[in-house]
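Use the sequences and the hints to build the structure in full.
Protein chains: 2
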Amino acid sequence: MNHTSSLSLKEKINRLFFLSTPSLDLLLAEAQLISVPKGSLLLKERQTCRSIYFIERGQLRTYYNKNGKDININFYFENNFATNLKSLIEESPSAFYIEAMEHTRLWKFDKEQLLRLYGQSKEIESFGRRLLEKLLVKQEEHSNIFKLYSPKERYHYIAKHYPHLLQRVSLSQLSSYLGISRETISRIRRSSVTSGEWSVMNARW
Amino acid sequence: MNHTSSLSLKEKINRLFFLSTPSLDLLLAEAQLISVPKGSLLLKERQTCRSIYFIERGQLRTYYNKNGKDININFYFENNFATNLKSLIEESPSAFYIEAMEHTRLWKFDKEQLLRLYGQSKEIESFGRRLLEKLLVKQEEHSNIFKLYSPKERYHYIAKHYPHLLQRVSLSQLSSYLGISRETISRIRRSSVTSGEWSVMNARW
DNA sequence: TCACACCTGAGACAAAAAACACAAAAGAAA
DNA sequence: TTTCTTTTGTGTTTTTTGTCTCAGGTGTGA
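Going down the list, the protein sequences come from chains A and B.
With our numbering applied, the first sequence covers 1 to 205.
With our numbering applied, the second sequence covers 1 to 205.
A portion of the hints provided could be inaccurate.
[As the list claims (entries may be wrong)] As a list, the in silico BS3-like pairs of lysine-lysine whose alpha-carbon atoms are at most 30 Å apart:
1) 69/B with 38/A
2) 108/B with 160/A
3) 134/A with 134/B
4) 69/B with 134/A
Quick caveat, the hints were computed from the structure, so don't treat them as lab data.
Here you go:
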């Protein structure tokens, strides 16, 4: 049980971005609560992304389709924002899908509305900037684990820093996300249970 | 020869972000032109990054030091902004270095000044947001080539979409950036010259 | 001109990971 | 429960990539 699950959207956003009450009200007046079943697509390949989603309950994934196979780009859980930023920003056709991995309840913010709000309220534009900042820092970190770490190290990095990923995402789904074959992850997992190799991840960066 | 090299900073920024003249003047009044020799470090590991740099002439790289070896994260050329966003945003110690790869002339914008300007001018905060957007889209793209492509495909992707990287960065420097050993890149290069394998990169995403 | 540093190419070998095939286990649905 | 589907584990083989090594090339500066 997530202890914030009983908080209102207003309280959640406020915890993340410290907006004044009037700005918050302005922002949230535009948000639309929707509920989608497992497997539904919030964005398809070639569509232009027009919204950003805040997950109330459930989980989403973004994935490419490469020669018929799914390549997972990202997983999103409760109290996080999800979207295709490239498509949203550039108003270009999306290269990937956004899918609900389970029954998911989420708040939808439309870009058009947000841009209008940016014009009305400096504080909301500042919120937009800070939201981007957070997404960027996360993105950067994820990008770097591929350069810095071997497959084995990548798995351990995730296990250490994002253990909930291993809890909520199947190994098969994880494999494309980490750029490691399913079988290899299975072997990595076994070897780290049997032998006590837990010192690998001491490197700090 | 870059045809924009004779443009003023004002004209360059304006081309990228379409700011009004008053806002541009406000923004550029704070910029400081500095010149650094090859090998100098604009940011060291453990330092907190306080500036963002716009490259007038020359090139920068960002890199981690992993067990004594350099792992390149990014290369930056003329008319681009460079910084360590994580450190800058979070005011946290940097995990990596920023180094001038050749004698470089650049404009320095301090975070403190920028934040002050954000408060003064909505248009400048909007500029800040749009700058982040551009950086984010780039970052996302780079991150995804690791998940989507094998080493061989990564090299070809760069060769096709960022040929200037191959021109200006040595293969040795490139190797850690692509997460491929120098020798393997050398082999990839050889095999793609001899055999006519140029259809690999037709996949669009 | 001569070191010196740095970069590239190439071969031999080792290590890692992927591919393939199939079995076992775990969940979901009837 | 039983059946059906999905997920995970494991053994073998094949491919890819890394490591180590040396040789040759290039540019720089003393």
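Tell me the hint numbers this structure goes against, listed in increasing order. 1 and 2
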